[in-house]
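Residue numbers (our numbering), protein chains in the order written: chain A, 1 to 484; chain D, 1 to 456.
Hints in this document: simulated from the structure, not taken from any laboratory.
A quick note: this is a predicted structure, and the numbers were derived from the prediction, not measured.
Among the clues, some could well be false.
Listed below are the simulated DSSO-like cross-link pairs for lysine-lysine, each with C-alpha atoms no more than 30 angstroms apart in a straight line [as the list claims (entries may be wrong)]:
1. D:LYS191 - A:LYS39
2. A:LYS26 - D:LYS52
3. D:LYS158 - A:LYS158
4. D:LYS158 - A:LYS342
5. D:LYS41 - A:LYS118
6. D:LYS194 - A:LYS39
7. A:LYS306 - D:LYS155
8. D:LYS155 - D:LYS71
9. A:LYS127 - D:LYS71
10. D:LYS406 - A:LYS306
11. A:LYS306 - D:LYS52
12. D:LYS194 - A:LYS252
13. D:LYS287 - A:LYS26
14. D:LYS435 - A:LYS127
15. A:LYS118 - D:LYS450
16. D:LYS52 - A:LYS127
17. D:LYS155 - A:LYS477
Covered by chain D, according to a simulated footprint, are these stretches of chain A (three or more residues, beta-carbon under 8 angstroms) [unchecked claim]:
18. 72–83
19. 104–115
20. 199–206
21. 284–291
22. 323–329
23. 387–394
Even for Gly, the Cβ is constructed at its ideal location relative to N, Cα and C.
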Amino acid sequence: MNKLLFEISREGRIGYRFPENDVPDKALDDCIPENLQRKRELPLPEISEHELVRHYANLARRNFGVDFGFYPLGSCTMKYNPKINETTASNPAFSQNHPLQPEETIQGSLEVMYLLLKYLSELTGMKWGTLQPLAGAHGEFTGMQIFKAYFRDRGEHKRTKVLIPTSAHGTNPASAHLAGFEIIEIPADNRGLVSFEAIEPYLNDELAGIMLTNPNTLGLYEKEIMEISRGVHQAGGLLYYDGANMNAVMGKSRPGDMGFDVLHLNLHKTFSTPHGGGGPGSGPVLVQEALLPFLPVPDIGLQDEKFSWIWNRPKSIGKVSGFYGNFGVIVRALTYLMVMGKDGLTHASEMAVLNANYLRSQLNSLYEIPYGDMCKHEFVISAKKIKDDTDVSAIDIAKSLIDNNIHPPTIYFPLIVPEAMMFEPTETETKETLDDFIKVMKDIYKQAYANPEYIQNAPVHTEIGRADEVAAARHPKVSWAGGE
Amino acid sequence: MAQNRKYSYVPHTSEDIDEMLASIGVSRIEDLFADIPQDVKFTEVLGLPDGKSEYEIEKFLQNLSEKNDRKLSFLGCGMYDHIIPAAVTAAASSPAFVTSYTPYQPEISQGMLQAIFEFQTMICQLTGLDVSNASLYDGHTAAAEAVSMAFQAKKKRKTVIVSEAVHPFTLSLLRTYFNEQDIQFRSLPLKGGKTDFSQLSSLLDDTTAAVFIQTPNIFGILEDLNGISELIHQNKSFFILSSNPMNFGMTKTPSEWGADIAVGDTQPFGLPANLGGPSVGYIAAVKNLLRKMPGRIVGETQDDRGQRAFVLTLQAREQHIKRGRATSNICTNQALAALTTSAYIALVGPMGLEEVNRQSMTKAHYLKEALLALKEVKDVPGPFAYEFTLDLGNRADDFIQRMLGKGFFAGVHLGALDSSLYGKVAVAVTEKRTKEEIDRYVEAAGEILKGDQLNE
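Take the sequences, apply the hints, and build the full model.
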C-alpha cells in the first residue's frame, strides 16, 4: 500500500532549488494590491526530490502496461509503442516551441504536421484534414460539427437525424448529441452487421447521416457498406467513419473508397503512440473535398516551399482546441508511419488480422462466439453459457486473466452481446504469447466448471482484491480529505 | 524460415504464418480479407514512402527539427516557459504509466488511479474547491465543458455572459462548441484592459446560466472580482473562473473569489509548450456539481480485503453507459500529462510555487519599468502578475519582427488572435529569464523603439 503524497508530506521540506533571483527585489504589495493576494494557505504536499522519485517509482510498480505483458483490450489497439517515438518527440527542437512563435521559426514542425496529414489522407483515401482534435471522441465531435456546418451552408435545416448502430462505441452517440443531432439507434441484424434494410426507412430529407465503424466492434467487416453508402448519399446524407478500428484494414480497404465523407483516426491506437494511462491521445479528422471549407482553423498551407497557418476560412467551424493539436503525439505517429512505410502498415494489418483469427479459431471450440465465422482485428466472445452453467461471469474470467499476468479484454461491450469479452491481440504479439494465452483461457474454462469459486475469487495474486465500486459511487470520495 | 527483417515491430516468422493459417483453416493471408466486398477492396499501391530503419527516420526528423529556430522567449498567452525539474519528467516517463491505458481494472492499475486521485486532490487544494476530475484536453476545452456543466445544471436557462477579456481562442472555441445549440452569448465589455463589471447587473437575468471570467485576463491583468460572486449568486447563476493556476502561488484563488467552477490549463506545471500540446485542462467545482462533471473521476473505496483502493467512479455519467445522454463525450483525456503536472506541484510544493511567482512577478515588473523608462512605451495597465501588454499600435508587427532578428521572441501580437486587439503585444517573463537576458531585451527594444530604424 502506497502512502499518498499528502501522507508523506512534512512541513518545511523543500524538493527543488530554483536559481536565485538576480533582479532587484520588489515588495509584493508594490505589484499586486493587497485585496488581490491569496489569503488562504495552499495545503499542498512538501516532499524531497528523492521521496518524489520513489513515490512514482512505487506507483509505477503497481500499474500494468503493454511493456509488461499481453494487453488484448478490444477496440483499444494496445500494440507495442516503439521507443524511437519517444526519442524523436522529446527532441527539444520540437518540444520546446511555443504555439505563437512566428511561422518562420517553426518550419520544421509545420512540415511534420503537413507530412502526417498528407500520409493519413492517402492511407484513408480522403482529401485533407486537421490534427487539432485531442482524442478520438474529440475527433468525432469535430466531425459532427463539420456535418452541421455543411447542412447549414446548404440551408438544409431539417437534417437533424444521425443513424448509429447499437454496437457503436458510446462516444458516437454522445458526440453526435453534443453537436445537436438526434440519434436513431440501428440494431445489428443476425449476422452482427448493419443491413441496408435497417437504415432504409430513414433515408429521407431529415437524415443528416450515419456513423459507422468498419470493421465494426464485433470485428466484422460491414458487407453492405456500398449499398449503405449509396443509399445515404442518394438521400442527401453524409457518412462518418469512426477510425478506432483502422488497424484492421490498412492497405486493404480505404474509408474514402467506401464513400465516407468525414472520419477520425486514433493516433494512440493504429499509429503506436502510447496510451499514457488514458491520454494524451490524438484524433485527426479527415474529409472529402466538399467538406474542406468547414475544417477547423488554422489549416496548414504550403507555398513556395514555405509552410504557413491559414486562418482565412470563412465557413470553418472555428477552433476545437486551444492550439493545433497534441503536437508531441503527432511527432510520434509520423515517426511510426515513416518507419513502417506502405508495406509495413499493410503487413501490420495483415498480421493483426492473422493474430485475431488465430485466437478466434483456437478459442472457438470452448467459448461461444455469437457472430461471424471470420473476424478482422478483434472478436467478441459471449460468456453467457458459462455463466448460466457455472455462475462464472465475464468479469470473473477477466479477473482470472489478471492472475495470469494478462490484461483483461474489454468486457460487457458491445452491449448487443451478453457477457461480452472483446479481444484485440494486435500484430506485435508473437505466436508464443498467443499460445500461452490460449492455454490460460482453456484452463480458466475448465476451472469454471470444476471449481467455479476459484475463478470467482480471482484475482488472488494482486496487491488489492476486488474493489467496492458500489460504495465508491454511493459515497464519492474524490479527493484526499486530510488525515482521518 | 525467418521473420521478414523489414518489419521489426511485427514478430511473425514465415513458419508462424504458415502454422497459424493452417490452424485457422485457410491457405493464404488474402483469404482472411475475403469478407471485404470486391468493390471496396484496395488493390493499388499506397502512395506512401517505403519503410526505413529507425536510424534513418530519426535522422530525417532531426533534420526537420533543425529548420525550427529557437530564440529567447517572452511568450505567454496561455503557455509559459517555466523551469522543468528533471525529476518531474523522469517520474512521468515510467513505461508502467506510458504504456498503460485508462485504468478500467483497479487490481492492476492502482498506480495510475492513485496518481489521478492525487492530481484531483491537488487541483482541489489549489483552487479551494471541493471536487475535480482526471483531466480534460486543455484549458480552452475545459472552459467549454464548464459552460456545458452550467447549462446541464440550469436546464431552463439559455444564456451565458462572457467577459471580452477572455483569451480569443477560448472565445472562438466556445462559439464552435455551442453554436449549434439554442444558446446565446452575452459580452461583458472591456474598459482599460479590464472587464467592465459595472455592466454585469444589467446583463444578468433569469436566462443567465453562468458568467465566465478569466483572471489574469488576456492582457495579463488581474481582475478585481470583489463582490462579483454575490451579484452572480443573487441571480442564481454559476460563476465560472478561468485562470493560469501558477498564479495561485500568489494571487487569490477561485474559492476565495466565490467561484462555483474553476478551469484552466496546467501546462505551466512541468510541461514543455510543445507547440501547444499535450497540455492539461483542469476543472474543479463545488460539491453539488460533482454528478454534472465531465470525464473520468477517480474515487477512494476499499477492496474485499479491507484495504484502501482507488477506482474509476460515477461512471453512470459517462458515454459508455449513458451514450447519447452522457454529461460529455470525454473518454481518453490527458492522464500522463496530468501526472506530470502533479509531480511538478508536489516537487516544488507551496514554497516553490511562491518562489516561482515572486521571481516571475519581480522580473516582469523589472522589464516593464525598464521599458517605460525608454519613454517610447505608453503606460502599461495593471495590476499584473508576470504577463503584461504593451500598446505599440501599428508598430507591433514590426517590433516583433525586428526583435526576432535580434534573437528574441519578444511577445505575442494579440491582434493576430483577434483583430480588435490590434497593436497590443503581450509579454510574459518567468523565473527562467535572467537579469542579463532582460537587460538585453530592453537594449534591443530601445534600439528599435527609438524610432530611427522604424519604417512605418
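* Violations among the numbered hints -> 2, 4, 7, 8, 9, 12, 13, 14, 15, 20, 21 and 23
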